[in-house]
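Peer 1: Spelled out from the first residue to the last, the chains are:
Protein chains: 2
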Amino acid sequence: MQAIVQTEEKNTASLELQEVPTPQLQPGEVLVEVKAAGINRADLLQSQGNYPPPPGASEIFGLECAGIIVDAGDTDRQVGEEVACLLSGGAYAEYVAVPAGQLMPIPAGYSFVEAASIVEVACTVWSNIGMLAGLKKGDTFLIHGGAGGIGTFAIQMGKALGATVAVTAGSAEKLATCKELGADILINYREEDFAEVLKNKANVILDIIGAKYLGQNVKAMAPDGHMVVIGFQGGIKGELNLGLLLAKRGTISATALRSREVADKARIVKSTVENIWPLLEDGTISHHIDHTLPLAEAGAALMKLEEGSVTGKLVLEV
Amino acid sequence: MQAIVQTEEKNTASLELQEVPTPQLQPGEVLVEVKAAGINRADLLQSQGNYPPPPGASEIFGLECAGIIVDAGDTDRQVGEEVACLLSGGAYAEYVAVPAGQLMPIPAGYSFVEAASIVEVACTVWSNIGMLAGLKKGDTFLIHGGAGGIGTFAIQMGKALGATVAVTAGSAEKLATCKELGADILINYREEDFAEVLKNKANVILDIIGAKYLGQNVKAMAPDGHMVVIGFQGGIKGELNLGLLLAKRGTISATALRSREVADKARIVKSTVENIWPLLEDGTISHHIDHTLPLAEAGAALMKLEEGSVTGKLVLEV
Ligand SMILES: NC(=O)c1ccc[n+]([C@@H]2O[C@H](COP(=O)([O-])OP(=O)(O)OC[C@H]3O[C@@H](n4cnc5c(N)ncnc54)[C@H](OP(=O)(O)O)[C@@H]3O)[C@@H](O)[C@H]2O)c1
Ligand SMILES: NC(=O)c1ccc[n+]([C@@H]2O[C@H](COP(=O)([O-])OP(=O)(O)OC[C@H]3O[C@@H](n4cnc5c(N)ncnc54)[C@H](OP(=O)(O)O)[C@@H]3O)[C@@H](O)[C@H]2O)c1
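Residue numbers (UniProt numbering), protein chains in the order written: chain A, 1 to 318; chain B, 1 to 318.
FYI, nobody ran anything at the bench for these hints, they're computed from the structure.
Any given hint could be a false lead.
No distinction is drawn between identical chains; accordingly, a pair holds when it is met within one copy or between any pair of copies.
To be verified - No farther apart than 25 Å at their CA atoms in a straight line, the calculated lysine-lysine pairs in the BS3-like style are these:
no.	residue 1	residue 2
1	K212	K237
2	K270	K248
3	K10	K137
4	K304	K237
5	K137	K304
6	K159	K137
7	K304	K199
8	K201	K10
9	K219	K237
With these hints in hand, go ahead and build the complete structure from the sequences.
Peer 2: Here's what the structure looks like:
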């Protein structure tokens, strides 16, 4: 099959289409013919040598795709089924082997491209905010980077769950985007200290900044609050005031999707389809695709992501 | 009624028995005639001016007692019922007003003194390890200060839940006590680094040290591990490596019992009685009383606690 291969370590520009062996199915896996593959910031990090695939995962890039089952292996799935897939790798290719528990239906009304654009973000946000932190009606939900890929999804999901949504972003323009999506409290982090605005009020916090915001996040946390860190755009090591955390009876988690075991991914995929798919299908949560590119241009796509000019999702068409 | 009153701020020696007004019942409260009141380290801190009662709580010391209902107020409880009580304060007295949700039966076979000795530790350990961290069969459970009041209870509970129990303590003698109670992995923290012994293995950690152990605790944590900090014997502010926490998909909580709202305490009390009382009644978890003193000697009791010569629980008899 054809797949994207990196020919030079740490060089994003060296991604090129090559002939490679079609994946062999392991027990419990199906073979999917990839129609569209979503592009993630993690792929860019991987191309820079900073995010190696977990042990046992495909060396091929790509954490999400949509396509058609062409070999059901030893599973009870059907050849010809159209599916979206959460992957540990392997999407930048014509075919990918997928554990059956990581298959999702295509949301009704979604194209392959649209489906491939939503899998990672939906599973990430739901698993952290719905399943782990248990966001509920009436909560105040603080989202850092509200205008980003994770943020735009999280705002809509937060509103759908009945939360008051607060966001941070770096410009009035980005905050306007957040407002359109439903955000209630808009904080320009270049002008205001979010910890002052939200002091003791945030029941749930979705953080992509890490160390730089750790102290402020604990300050913003409400009693029994839960913050989940999924990114480190502001560094990894920060000072934690455990006394203040105890005064709030607070909880801090840090998680990643990719490193989870197959059974754990299946648990997340199942819950995401149950809870999020209806919101995609009735338009409560919308997707936002910047543009699509052919598979062969994967390297160019990642470089575009690095430039910072992309506002929605990039998707590769196979 | 007679109650212990502190006559000089921050002076533990100035606790004395005085005549004070009997508490007025609020809606949902009952009046309990105190037979025995357990002594906690928190009381010592309070006498030193370091742990003020939460807003609305009694100024009188004492977080746990056992006694007899003498006025059921507007509740459906019965006058004459023998009860153990979780309190925000007020136990060092002849009578205490108790929200009905904080009443527990006396465990079968327990005296008032024995019941008063077990309430705080049972609710603390169960709420954190059972309810919050969800310790389960097969888990490795790390307990710091295994020979302390919290530690000795936690070891027995951990074994009852089917966990492998690891403890830290500062001497061979204390570790021998832990072993007798069922601990499987014994670590003398003066001689060994617990983080090396348990690297990536501890599914649940009960921490009373705080800042000083923060880094090592994260290192010891297993994938999807949960550590709960309830004390700060090693300081409050420490460096947190969020990157390492994310690599484990780890969770850190810090909690306290006393500051919780009435409904939250009721939730904990109910679950503790359901899950822990049977283990007290069949002897799976034993209590350990150092000795009892009359109510009038509360000050002397706290000073004994401060000296560090007490190995079990001190209980006041009223
Ligand atoms: N752990 C996981 O499982 C997982 C899964 C998916 C993604 N992630 C991580 O989540 C993060 C976000 O991903 P994404 O796809 O949403 O990226 P993205 O679309 O590039 O969004 C990042 C956002 O961060 C904002 N930002 C930058 N500095 C900020 C600051 N100091 N305060 C507040 N916001 C700030 C940017 O907005 P401004 O321009 O307004 O600053 C931008 O909108 C990435 O770090 C990614 O690696 C983790
Ligand atoms: N947040 C809450 O709701 C709550 C409720 C109850 C208690 N607490 C807190 O929990 C802590 C323990 O209470 P307790 O009643 O069990 O006190 P305790 O009986 O005095 O026990 C404390 C233990 O800590 C051990 N220790 C001291 N330094 C240590 C170190 N560096 N590493 C490991 N162990 C160490 C001591 O053992 P060695 O002599 O062997 O060092 C001692 O056995 C206290 O700080 C208390 O305030 C919190």
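Peer 1: Now tell me if each hint is right for this structure.
Peer 2: Results of checking the hints against the structure:
1. K212 / K237: both (8 Å within a copy, 15 Å between copies)
2. K270 / K248: between (32 Å within a copy, 22 Å between copies)
3. K10 / K137: neither (45 Å within a copy, 44 Å between copies)
4. K304 / K237: neither (29 Å within a copy, 41 Å between copies)
5. K137 / K304: For K137 and K304, the Cα distance exceeds 25 Å both inside one copy (38 Å) and across copies (49 Å).
6. K159 / K137: within (9 Å within a copy, 38 Å between copies)
7. K304 / K199: Answer is neither; intra-copy 37 Å and inter-copy 41 Å both fail.
8. K201 / K10: Classified as neither; 42 Å inside a copy, 33 Å across copies.
9. K219 / K237: Both, since 17 Å and 14 Å are each at most 25 Å.
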